[in-house]
Structures are given as structure tokens and as C-alpha cells.
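Trainee: Hey, can you work out the whole structure from these sequences and the hints?
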Amino acid sequence: MGLAMALGYQITFLVLMNRDEVKLFFTARQGTVS
Amino acid sequence: MEMPKNVRILGVLNIVLASVGIFFSLVGVAGIFLMKELSPDMGKVYTGAVLAASVALPMVGLITKAMMLFSGIGLVRGQAFGRSLGIIWAWSSMFYGVIAAAINSFFVSPAAMEASMNNSSSASGGAAAPPAWVDADDPNQFHGDGDGDGPRDGAGLSDHLPGPDEP
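So the sequences go chain by chain: U and D.
Position 11 of the first sequence, counted from 1, bears residue number 11 in this note's numbering, the numbering being contiguous throughout.
Position 129 of the second sequence, counted from 1, bears residue number 129 in this note's numbering, the numbering being contiguous throughout.
A portion of the hints provided could be inaccurate.
What the hints assert, rightly or not - So, partial list: chain D residues that the calculated Cβ filter (under 8 Å) puts toward chain U:
| no. | residue |
| --- | --- |
| 1 | Pro4 |
| 2 | Asn6 |
| 3 | Val7 |
| 4 | Leu10 |
| 5 | Ala30 |
| 6 | Gly31 |
| 7 | Ser39 |
| 8 | Val76 |
| 9 | Ala80 |
| 10 | Arg83 |
| 11 | Ile87 |
| 12 | Met94 |
| 13 | Ala101 |
| 14 | Ala102 |
| 15 | Ile103 |
Unchecked claim - One side only, chain D facing chain U, incomplete, derived with CB under 8 Å:
| no. | residue |
| --- | --- |
| 16 | Met1 |
| 17 | Met3 |
| 18 | Gly78 |
| 19 | Gly86 |
| 20 | Ala90 |
| 21 | Ser93 |
| 22 | Ala115 |
As the list claims (entries may be wrong) - Beta-carbon label-pair distances, calculated as ranges:
| no. | chain 1 | residue 1 | chain 2 | residue 2 | range |
| --- | --- | --- | --- | --- | --- |
| 23 | D | Met35 | U | Gly2 | 18 to 28 Å |
| 24 | U | Gly8 | D | Ile88 | 11 to 21 Å |
| 25 | U | Gly8 | D | Ser116 | 31 to 41 Å |
| 26 | D | Met117 | U | Glu21 | 49 to 59 Å |
| 27 | D | Val16 | U | Leu3 | 54 to 64 Å |
| 28 | U | Leu7 | D | Val12 | 35 to 45 Å |
If you are wondering where the hints come from, they were derived from the structure by calculation, not from laboratory data.
Owing to the predicted nature of the structure, the values given are computational and were not obtained by experimental measurement.
The C-beta atom is built at its ideal place from N, Cα and C for all residues, glycine as well.
Mentor: Quick look at the structure:
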């Protein structure tokens, strides 16, 4: 049960972190920093 | 550029869940040593490989939880390392979770169960011993004459009650 919940959260995290808007946001932030 | 909402939400969730996880990992490991200290009988279950696995697994888990915490901090602050560390955390944590669950179910739990069975049968010598207050040499210990004044003293219950013709 706990393992399933943890896996669910981790997969959700990976999916959301790979969305274009998120990638774009961090790329833009990195661009302004460097 | 405005931070996407899900980045902030996941950042906060990572910080909260990692903090709770770190706290309970430490409490769990401390609990094992406290149990060994307070209840040597139950503590006997946690020896050798079972103890090593029960302590090592949460300690390795602490590394993934620390990664989760720092990725959460990075995400909330909108720093790129939060995303990359978070992705590393998610993959390593999935891998660790499956391995740890397998070790727990196929190795730690059966070994602890076996140790606990051996422990309970050897503690009582294989059969339940009578309590210390039982005097095995006294045949009347549990056979009073029913009048409530202790073992058979010759006076039965009827000797204590007034007869029908007595006032």
C-alpha cells in the first residue's frame, strides 16, 4: 500500500516535471542566471 | 516568467513529505535500539542480519529523502537543480522502494518471524510453566470447602449459616 502510494507520487512527479511548460520555465530561469 | 503552479505544489509536497519521512525513519531506527534496551526478549529478534537490514534500509532511505527535501527547496525557489535533482530522486527512489520492499518481505520479515518463534518457545522451555505463587505440594490450594475461609478446615458453608430454628 505504502509502496504503491510512493510509486504513484514519484511517477506523477516525473510526468509533471517533463511537461513543456515546466521545462521551459527552468530553461528560461537558467538562461537569465547564466 | 511566472512559475507553473504544479512546480510550487510539488516543491512544497516534497519538502513536507521528505521531512515527515526523515523524522519517521529516525524514530523507527531509534525504536529498534530502544526496544533492545527495554525489552531484551523482543530485542533478540533484532540481531545479526535482521538488525543490519532493519537499520541499513532506513539509512539508505534517508539519502533519497534528503534528495527529495533539497529538490523540494530548489523547486520552491525556482532553481533548475530542483527539477534535475527531483528527477534523479524519483528514479532512484522507485528503484530503492522496490528493492527495499523485496528485501523486507523475502528476508527481514521471515527471519524476524523465525527468531521470534524460537525466542518464545525457548523462553518458556517449550511448555507453559505455572506461576511462582502456585504451591505444587499443597493439594488443597485450589480445593477449599466452599465457605470462603480458605482451605478445608472442617467447617462447611452450612456451619456458618443460621439453621431454620435459630433466631
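Trainee: So, against the hints stated earlier in the document, which numbers end up violated here?
Mentor: 5, 6, 7, 8, 14, 15, 22, 27, 28
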